[in-house]
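Peer 1: Residue numbers (the UniProt record's numbering), protein chains in the order written: chain A, 1 to 455; chain B, 1 to 455.
FYI, nobody ran anything at the bench for these hints, they're computed from the structure.
Among the hints, a few may not be true.
Stated by the list, open to error - Dumping the calculated DMTMM-like pairs for lysine to aspartate or glutamate here, alpha-carbon to alpha-carbon at most 25 Å:
| id | chain 1 | residue 1 | chain 2 | residue 2 |
| --- | --- | --- | --- | --- |
| 1 | B | K209 | A | E284 |
| 2 | A | K209 | B | E106 |
| 3 | B | K441 | B | D268 |
| 4 | B | K78 | B | E186 |
| 5 | A | K314 | B | D169 |
| 6 | B | K314 | A | D423 |
| 7 | A | K209 | B | D431 |
2 protein chains.
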Amino acid sequence: MGTWNDYLEQNQPRFFAELLDFLRIPSISALSEHAADVQRAAEWVAARVTAAGMEHVQILATGGHPVVYADWLHAPGKPTVMIYGHFDVQPADPYDLWTSPPFAPEVREDRVYARGASDDKGNMLVPILAVEALLKSQGALPVNLKFFFEGQEEIGSPQLGDFIPKHTDLLACDMVLSSDGGQWSEEQPLVLVGLRGGCGVQIDVKAAKADLHSGMYGGMVQNPIHALTTIIAGLHAADGRVTVPGFYDQVRPLSAQDRERIAQVPFDAAAEKASLEVPGFFGEAGYTPRERIWARPTLEVNGIWGGFQGEGVKTVLPSEAHAKITCRLVADQNPTQIVELLIDHISRQVIPGVTVSVKPLAFRAYPYLVPEDEPGNVVVREILHEIYGVEPFYVRSGGSIPVCSLFQRHLGAYTASFGFALDDENIHSPDEFFRLSSFRKGQSAYCTLLERLGR
Amino acid sequence: MGTWNDYLEQNQPRFFAELLDFLRIPSISALSEHAADVQRAAEWVAARVTAAGMEHVQILATGGHPVVYADWLHAPGKPTVMIYGHFDVQPADPYDLWTSPPFAPEVREDRVYARGASDDKGNMLVPILAVEALLKSQGALPVNLKFFFEGQEEIGSPQLGDFIPKHTDLLACDMVLSSDGGQWSEEQPLVLVGLRGGCGVQIDVKAAKADLHSGMYGGMVQNPIHALTTIIAGLHAADGRVTVPGFYDQVRPLSAQDRERIAQVPFDAAAEKASLEVPGFFGEAGYTPRERIWARPTLEVNGIWGGFQGEGVKTVLPSEAHAKITCRLVADQNPTQIVELLIDHISRQVIPGVTVSVKPLAFRAYPYLVPEDEPGNVVVREILHEIYGVEPFYVRSGGSIPVCSLFQRHLGAYTASFGFALDDENIHSPDEFFRLSSFRKGQSAYCTLLERLGR
Ligand SMILES: [Zn+2]
Ligand SMILES: [Zn+2]
Numbered sequence: 001m002g003t004w005n006d007y008l009e010q011n012q013p014r015f016f017a018e019l020l021d022f023l024r025i026p027s028i029s030a031l032s033e034h035a036a037d038v039q040r041a042a043e044w045v046a047a048r049v050t051a052a053g054m055e056h057v058q059i060l061a062t063g064g065h066p067v068v069y070a071d072w073l074h075a076p077g078k079p080t081v082m083i084y085g086h087f088d089v090q091p092a093d094p095y096d097l098w099t100s101p102p103f104a105p106e107v108r109e110d111r112v113y114a115r116g117a118s119d120d121k122g123n124m125l126v127p128i129l130a131v132e133a134l135l136k137s138q139g140a141l142p143v144n145l146k147f148f149f150e151g152q153e154e155i156g157s158p159q160l161g162d163f164i165p166k167h168t169d170l171l172a173c174d175m176v177l178s179s180d181g182g183q184w185s186e187e188q189p190l191v192l193v194g195l196r197g198g199c200g201v202q203i204d205v206k207a208a209k210a211d212l213h214s215g216m217y218g219g220m221v222q223n224p225i226h227a228l229t230t231i232i233a234g235l236h237a238a239d240g241r242v243t244v245p246g247f248y249d250q251v252r253p254l255s256a257q258d259r260e261r262i263a264q265v266p267f268d269a270a271a272e273k274a275s276l277e278v279p280g281f282f283g284e285a286g287y288t289p290r291e292r293i294w295a296r297p298t299l300e301v302n303g304i305w306g307g308f309q310g311e312g313v314k315t316v317l318p319s320e321a322h323a324k325i326t327c328r329l330v331a332d333q334n335p336t337q338i339v340e341l342l343i344d345h346i347s348r349q350v351i352p353g354v355t356v357s358v359k360p361l362a363f364r365a366y367p368y369l370v371p372e373d374e375p376g377n378v379v380v381r382e383i384l385h386e387i388y389g390v391e392p393f394y395v396r397s398g399g400s401i402p403v404c405s406l407f408q409r410h411l412g413a414y415t416a417s418f419g420f421a422l423d424d425e426n427i428h429s430p431d432e433f434f435r436l437s438s439f440r441k442g443q444s445a446y447c448t449l450l451e452r453l454g455r
Numbered sequence: 001m002g003t004w005n006d007y008l009e010q011n012q013p014r015f016f017a018e019l020l021d022f023l024r025i026p027s028i029s030a031l032s033e034h035a036a037d038v039q040r041a042a043e044w045v046a047a048r049v050t051a052a053g054m055e056h057v058q059i060l061a062t063g064g065h066p067v068v069y070a071d072w073l074h075a076p077g078k079p080t081v082m083i084y085g086h087f088d089v090q091p092a093d094p095y096d097l098w099t100s101p102p103f104a105p106e107v108r109e110d111r112v113y114a115r116g117a118s119d120d121k122g123n124m125l126v127p128i129l130a131v132e133a134l135l136k137s138q139g140a141l142p143v144n145l146k147f148f149f150e151g152q153e154e155i156g157s158p159q160l161g162d163f164i165p166k167h168t169d170l171l172a173c174d175m176v177l178s179s180d181g182g183q184w185s186e187e188q189p190l191v192l193v194g195l196r197g198g199c200g201v202q203i204d205v206k207a208a209k210a211d212l213h214s215g216m217y218g219g220m221v222q223n224p225i226h227a228l229t230t231i232i233a234g235l236h237a238a239d240g241r242v243t244v245p246g247f248y249d250q251v252r253p254l255s256a257q258d259r260e261r262i263a264q265v266p267f268d269a270a271a272e273k274a275s276l277e278v279p280g281f282f283g284e285a286g287y288t289p290r291e292r293i294w295a296r297p298t299l300e301v302n303g304i305w306g307g308f309q310g311e312g313v314k315t316v317l318p319s320e321a322h323a324k325i326t327c328r329l330v331a332d333q334n335p336t337q338i339v340e341l342l343i344d345h346i347s348r349q350v351i352p353g354v355t356v357s358v359k360p361l362a363f364r365a366y367p368y369l370v371p372e373d374e375p376g377n378v379v380v381r382e383i384l385h386e387i388y389g390v391e392p393f394y395v396r397s398g399g400s401i402p403v404c405s406l407f408q409r410h411l412g413a414y415t416a417s418f419g420f421a422l423d424d425e426n427i428h429s430p431d432e433f434f435r436l437s438s439f440r441k442g443q444s445a446y447c448t449l450l451e452r453l454g455r
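Generate the whole structure from the sequences, applying the supplied hints.
Peer 2: Laid out in structure tokens, this is it:
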């Protein structure tokens, strides 16, 4: 047997052909007419991890699109590492904006163009190939390993909130590595240390039983839009803080080190302003734009509506007005508790002449923050430093990846993001591509990472 | 020759048949496929006023539906009275809610059922018949008389704002009598002494060039819905007053007599609340519900929209938010000036991170208030008192009738409402009807009124 690196080198042409096969499956989770393709992708993955030498390979039903599980558990005394990724992809329309068809992968220079090339098929194939190289070259893995690949990430993993707590024995592990991620640039690595959570409510304000004539009733009957705008305007202070009592109580304050790490990540305010075409930034006083996005909770009205929205004039006094509100939450806020605070606060407001009701929205994600000394992230940082020759940025995301908080809450395992996507790779857009150099670099990086975790 | 009353008595069967003919014309001004029917109704009216003995009968183009003019000007030294009404009608759908078809008039008991029976064909035919009775029985009228009947009242008389100032010589008169009105009940007459005016603006708030992901940008980019709700919430104080500087400057205060007259008109708050299904009334502090509607200006948001309005959750940070606002105005507010105050006030607000623009809406009506001693109204009050045996209520309307302010501003003539519709006659609804007793009573009332005005 040679080294895992010899094995990788010898097998690159086959691996590349397999990548193209995988990319040809239009496993679009959002479109029900592609459900059979998502199933086909699961079967492809199951066969591929079997060929790699993994055991107990299973395609498991979730109630929605399936997941693929496999393990290799012959490293007693070593940690158990679970590798996560997803084999479903975003819809590909508009098709006419693609240079080559989204499910007929085409290589141009160092890049393979196809829907899912970067997000996440190219990235999730990488650790499978690394595991094969380790098993075929050394006959064993340096750690106990589990694969957990899902088919519904692009629609928000709706069934995993039930599936994971029901399969905690199967999925038990010490840490998770997620292939569904990327680096800052070709020269600059990153370590993902935080995600925001979220929750939401809808406000419904009702006045009269039907729309009224604003001449005949205006001034005597309360306008539900006035009531709603009063409620909403009162949810923020002029300095951008959320005024809901208790909203910030569980927020972990930013340490000097946190702020320093965030400040180290470049932010070109002028370029960002120009690209968004906003007259300026605005957010909570006392924080930089990055800190606001990465480390502070927010409350946003996502939509508001009531009365007449057409062309011209209709002098109506509307019967109803509505708003949808979602919050982004940071550690250690609890989405269920925040929903209660919102409902309490809004319901307690007394506005004459209307009834106000507040109900929770189906959006509840826990915030996620990795401790500095979490072993997975520590090793990921070391290896990225070795590969790139520079210290990684410590990055958070303002968005939510529900599966990371699910792993943490139900398995007690943190997730280290270890993927090689780059920002320019048009994920979720036409002409998505993945760099073949990243495909190759990732395979070695995963081998090194698993070896290091097994020490 | 007999008396006008003899003439009326002898001709009731013919008048009734003519009313049915008039009602058979589906002169729906809002539907372009009925434009020829509106024209046909104009021709019917022109022929009918000619038959009544009027002179200089003309169908005049307005750029939209036509108007019918006629006069009889042989009473030197007597006042010139112009009688107003409209021969267009509201749409009649839903047709299946009508007991008999809307344009196949049917008499049931004392009522004729048809679209336009009460609003305004039955009522506008009344003065034509009265004038015929006076001319045929006496050979002359007690005053100089003009008829001005329009075909676009139900769509807001859009062309009259141009037409009336261009025809001030033709339409010159000392007072206007409007057939387009009603009484409080079968036992209780009313004198209409005020109408509210109106104006409006649209507010458009813009943040980023496109909708953003609330996770990636929420907290850093201003939410245009937050900005808009802050602006709107600030337009009213908690006590219901409008906060726009100068808004109330030209408002004529309510005198003790005004308040007394308004208080004399019954208002059953509990019944009204139950019928509107509102939890309570709300309006400007210091005024009764009636005073707020009849004699105080208001500012109402007629519609608001921005962001996501669908089912479920979409965590979007919207790019835009919009609101349509109209005001109801009272004497002596000027709609053009109020629009300027609104634009000034809203534009002056500084909200970081968004651009706010405010533009006028195509709604501009002057408020209208008849002086106590206006001769037309004084005589109308006397005659109503004689007919009904009780003092009329002095009533205002919270709505706007643009043509009344046009007559006042361009002809210097006040309008006395002298019609016999009643509130239960389903105007603008299925099964509209007019009482044949009102049809007959109105003819005598108009003869008496014209005689009295000629004294
Ligand atoms: Zn992904
Ligand atoms: Zn009318």
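Peer 1: Are the hints correct? Go through all of them and say.
Peer 2: Taking the hints in turn, this is what the structure says about them:
| no. | hint | in the structure |
| --- | --- | --- |
| 1 | K209(B) <-> E284(A) | 22 Å, holds |
| 2 | K209(A) <-> E106(B) | 33 Å, violated |
| 3 | K441(B) <-> D268(B) | 29 Å, violated |
| 4 | K78(B) <-> E186(B) | 32 Å, violated |
| 5 | K314(A) <-> D169(B) | 34 Å, violated |
| 6 | K314(B) <-> D423(A) | 23 Å, holds |
| 7 | K209(A) <-> D431(B) | 22 Å, holds |
Checked against the numbered hints given earlier, the structure breaks hints 2, 3, 4 and 5 and satisfies all the rest.
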